[in-house]
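> Could you slot chain R with the ligand onto chain V? The hints should help.
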Amino acid sequence: MSEHTEDTVRAEVRAWLAENWDPHLGLVEWRNKLADSGWGMPNWPPEWHGRGLPSELTRVVEAEFEAVGAIGVARAGIRMLAAATLLEHGSAMHKKKFLRRILTGEDTWCQLFSEPGSGSDLAGASTRADMQNGKWIINGQKVWTTSAHHAQWGLLLARTDWDLPKHRGLTYFLLDMTQDAVEVQPLRQMNHHASFNQVFFTDAVVDPDHMVEGLGDGWKIATTTLMHERRGADGLRRWEMGTDRPERAYVEEREELATAMAPYKWYPQRTGRVDLVIQRAKETGTYDDPTVRQEIAKLLILAKSAEWTARRAREAQVQGRNQGPEGSIGKLAASHVARLGNQVHTLITGADAMLTGEDSPLGGVIAEILVSTPAISIAGGTDEIQRNIISERVLGMPKEPRNDTDRPFRDVPRNTIS
Amino acid sequence: MSFSFTDEQMEFRSVLRRFLADKSPTAEVRRLMETDDGYDCEVWRSLSQDLGLTAIHIPEDYGGQGFGFVELAIAVEEMGRALLCAPYFSSIVLAATAIINGADEAQKRELLPAIAAGDIRAALAFTEENGRWDTSGVTMTATPSGDGHELNGIKSFVLDGHTAERIIVLARQPGTAGDAGLSLFSVAADAAGLERRLLQSTDATRKLARLEFKAVTGTLLGEAGGAAAPLAKTLDQAVACLANEMVGGAEALREQALDYAQMRMQFGRTIASFQTMKHKSADMLIEVELAKSAAYYAAAAADDDDGAFSAVASLAKAGASEAYMQTAIHAIQIHGGIGFTWDNDTQLWFKRAKSSQVFLGDANYHRELMIQRWQD
Ligand SMILES: Cc1cc2nc3c(=O)[nH]c(=O)nc-3n(C[C@H](O)[C@H](O)[C@H](O)COP(=O)(O)OP(=O)(O)OC[C@H]3O[C@@H](n4cnc5c(N)ncnc54)[C@H](O)[C@@H]3O)c2cc1C
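Protein chains in written order, with our numbering: chain V, 92 to 509; chain R, 879 to 1254.
FYI, nobody ran anything at the bench for these hints, they're computed from the structure. Backbone N, C-alpha and C fix where the C-beta goes; we use that ideal spot for every residue, glycine too. Accuracy of the hints is not assured; some may be wrong.
[Unchecked claim] A short, non-exhaustive set of chain V residues, derived as facing chain R with CB atoms under 10 Å:
1) Asp212
2) Val275
3) Asn282
4) Arg402
5) Arg430
6) Met445
7) Ile469
8) Thr473
[Stated by the list, open to error] Every beta carbon over 10 Å from chain V, so not counted as near; a handful from chain R, in silico:
9) Glu920
10) Gly941
11) Ala995
12) His1040
13) Pro1052
14) Thr1154
15) Asp1221
[As the list claims (entries may be wrong)] Take a look, some chain R residues computed to stay more than 12 Å from chain V by CB distance:
16) Gln887
17) Lys901
18) Asp928
The shape of chain R in the complex, shown without the other chains:
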């Protein structure tokens, strides 16, 4: 398995970093996070149409560029670094991946090109109010009715679920339990009986919604009752991507804290000259670099898609959860009083670190999954 970036990938990263520095400075992040929609249509158009970011990992047959998870991971790492406010993780990493894994050929041809072009934003609704991140926690029911299915139940913590134009929903045949009887459905956001509410999130750059389905008509995607495996695979891939997004954010924090320490003077010298600050900075570097290696390895393993991948994805997420949070705690501490203020940007990443800690499952959850899936 290849474990270093090619020249093209490095070039891709630097183009993206420049683009995001231009389009997503923290002033923009702060403006967008205060809005309900939480993103800028122009930037979305530009990242999808000018840079083709929405098409990265979607196969060429369905209007995509046919790259893999390594490229997708570079994109989300840079977005995490810049705290980009855009429905990218929801539409591309979660929803498009679920369609790639779970829909049949005709459905992929129908749904994916518009998502790849950025014309349609989709969301994946699988978690419910019980906050469980595995597929077996699903209680929403799907009952056959006419040509389609009737969906009843509540989804929560749905990333960008309030703005997406298409919702990919996981529901079960009544009377089934566990991984059996689970199917994916496609629902138009304006479908009758669907009520969407934006939840108040601590990390305002990551918009979460509660979706209530009251006799909503959905179209079955893929095979009836066969969604557990494709959804589990989707979550593993998304978890690997999230780990990359997180190490991007952690690195940004680490660098900002270092810059601050080099500049800030107390006791007639820069605080960077105090050994405690040096050790903290060195520890942060070690934590972030270890988490980065795991995240990069997980992205490469996602492309190889061998039996070891799912354990590796969980390993990377567990590692990134701790590294990002710890980096955020250190970063505030290094800034002192100013780090605790609203106007200082450290708090934006701190809150992203906090929500990333639990989003798609916390470190405890992923450590357990990892051990269950471990192959010597």
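Just chain V, with the same shape it has in the complex:
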């Protein structure tokens, strides 16, 4: 690793881009070049579409891509959670079959974890996987599954043993979402969007070699996926937009993002849109109101401190220092910011805060903020669960006594879902 410096990497990527980047290429064709060269995911291992560079040098690479307007690998949706999970736990076959198509954007993924009966208590999943005639047969229901309606593959947590304690009877599978035995029904949210779905399995089939690691390893692997998800929830994630340039690769990227990002259209609004606050205060003439200024200042203090905390955690991670539950801090801070952002936008907007759609300021954006922020403190693990993680794993406070982990799962009390 030590042979790479910012300067050598910069020179290398610059030369490679000069030779290879061509916006007239097809998007998949271009991204295959990225996968072959390793420049799309420079910190991934060289044997799997990366260059094995230390994470801090990926910024140098990104800057060179930006400088020439080169498109990167596909990132939208939860594909990167799938990739991170497979890199860590997948077999060589999984990596070979899936990683490239994740990066090229040919495959979209969804996360089949939550169920009607198990949300915070993910280890309580009761979707069953039974081995029959050499195949895994899946029956049950998942819920809140973002992007399931256009995903080719799903990360599935299912129960393979009902007599073991809950965490030990789970297995992690890669499920083909395009089979008929998988039925996806969109669920409408309080903000009118339908980015998540219910997914029903009726004798859906999974090949035995699409099991990740071994029987009963599901919980451990799900934890990896969740750790990556929570880290991504710290508010630093870039918003994918595409550019309006005319060449083929750009056009195809725009088309891809239009589909991939459709479910996420309201996601910026759920953060509370701190970026709009000052502009809005000026537009509405509330900027000079001392009581409003106090609230705006409080929001900015919170939002900036949260941003810097997330950056601090990221730098630590880049420097290879141990990362773990700190992700929960960023996530919790993001939900405070979102809630306060909602309040401040309401204050600034006044009577117009009652309106929606075209009658609402910024063509409905403000109205959407006001009915989207509640998602932040639920999605990806609730605030309460994050607090439990912080207190127990960061602060070392004693765990709550539990009555559900030391007996066969079938004997654990749970709601019967009709």
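Below, chain R with the ligand without anything else, positioned relative to chain V:
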């Protein structure tokens, strides 16, 4: 001042609660909120003619029952609890009260009986596009012309303004400013030059309209130029009622969240058994009960009508704004993912809480008013 409910008032509340449970289940709320009119004629007839709710606080001389704000507040609290979709707050709490406070004797005899009987639905149009809730923000002009006045300007955020049959409008004599020169006018909804448009509201159970007046003929109510005081009083009374409507909604949310927590199991136990859920529920109870006390006190003070009332009304509204919104946030959180869905009813009250937060003035506005009016 009396601060507890009489047996008759408690009985009234329970009759009303049964009526609303029957007539305004959330399936009905969802059906009506999708309509432009936003209410059901049969339910309106029933609540006005069978239960006499439209007559509660209108004096007997004008076809009413002559009860006070305490009874009116019970009615709106129960309506807020059930999220009743009906032009009640607009016609009874706002418009009828404005007529009681601002019109002269003959006008009251002419207008109020039909409103009290529920035969005519009225709306009060005072806020304009600037969204100011005080009377001095009014820019609409009224110029004498023939027997009446000619009205020009735009009113916005008019509760049920698109369906009301009579509009009570606040306008000013050209060239005046502040509280001077303000008068109330009565306008037929089908008057020439009046254009009404339903606004898209986040809380679809509360219909708001934009009313544009282009040389519309209106009839002066009460004394020319003397509307500021009666309108300010009307708003204080309406604000006290709104605080009661809000605590009704907040309590419904609190109870629903508690029921859900008692039922929902995770980790082999009900989520109600987790201390965080208990503390949240306890906090909600405290917030709602404090806001309720203020709302009840404000209703009683409205009946006493002493000098302290206007500060108390603002106190109650500011308190209810925060309590209702906070309760709604907690209620969604306690429900988890399901609380964020369209099909779960929590979102209906959440949106009502959001619109109530700003309707008739937000907490900041009312805290300031309260301090200005405070009497030690
Ligand atoms: C916008 C959005 C997108 C989502 N996308 C996905 C997705 O793509 N894939 C997926 O699998 N899931 C997804 N989810 C689901 C999300 O992860 C769950 O909703 C969340 O984990 C909470 O689970 P639940 O809804 O079952 O609530 P519950 O677990 O029933 O929680 C109800 C309440 O109980 C509290 N509670 C539960 N356990 C405890 C405890 N031990 N201590 C204290 N309090 C507790 C919770 O904090 C909450 O307040 C999404 C959710 C949202 C809102």
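> Now tell me if each hint is right for this structure.
Checked hints:
With a least beta-carbon distance of about 4 Å to chain R, the hint placing Asp212 (chain V) at the interface is held under the 10 Å criterion. Given the 10 Å rule on beta carbons, the hint for Val275 (chain V) is violated: about 16 Å separates it from the nearest Cβ of chain R. Hint status for Asn282 (chain V): holds, given a least beta-carbon distance of 8 Å to chain R, under 10 Å. For Arg402 (chain V), the interface hint is violated, since its Cβ never comes within 10 Å of a Cβ in chain R; the closest pair sits about 28 Å apart.
Evaluation of the Arg430 (chain V) hint against chain R yields a held restraint, the C-beta minimum of about 7 Å falling below 10 Å. Restraint check, Met445 (chain V) versus chain R: the minimum CB separation of about 4 Å is within 10 Å; hint holds. Annotation: interface hint on Ile469 (chain V) holds; nearest CB of chain R at approximately 6 Å, less than 10 Å. Nearest Cβ of chain R to the Cβ of Thr473 (chain V): about 6 Å, under the 10 Å cut. The hint holds.
The beta carbon of Glu920 (chain R) sits about 28 Å from the closest Cβ of chain V, which is more than 10 Å, so the claim that it is off the interface holds. Every CB of chain V is more than 10 Å from the CB of Gly941 (chain R) (nearest about 32 Å), matching its label as outside the interface. Its beta-carbon lying about 30 Å from the closest one in chain V, Ala995 (chain R) satisfies the requirement of being farther than 10 Å from that chain. The Cβ of His1040 (chain R) sits about 13 Å from the closest Cβ of chain V, beyond the 10 Å cut-off, so the non-interface label holds.
Remark: the non-interface label on Pro1052 (chain R) is consistent with the geometry, its nearest Cβ contact in chain V lying 24 Å away (cut-off 10 Å). The claim that Thr1154 (chain R) lies off the interface is violated: its Cβ sits roughly 5 Å from the closest Cβ of chain V, which falls inside the 10 Å cut-off. Residue-level check failed: Asp1221 (chain R) sits 7 Å from the nearest beta carbon of chain V, not beyond 10 Å. Every beta carbon of chain V lies more than 12 Å from that of Gln887 (chain R), the smallest distance being close to 31 Å; the non-interface claim holds.
Separation of Lys901 (chain R) from chain V is adequate, the least Cβ-Cβ distance of about 25 Å exceeding the 12 Å criterion. For Asp928 (chain R), the shortest C-beta to C-beta distance to chain V comes to about 32 Å, beyond the 12 Å cut-off, and the non-interface label holds.
Of the hints listed earlier, those the structure fails to meet are numbers 2, 4, 14, 15, in rising order.
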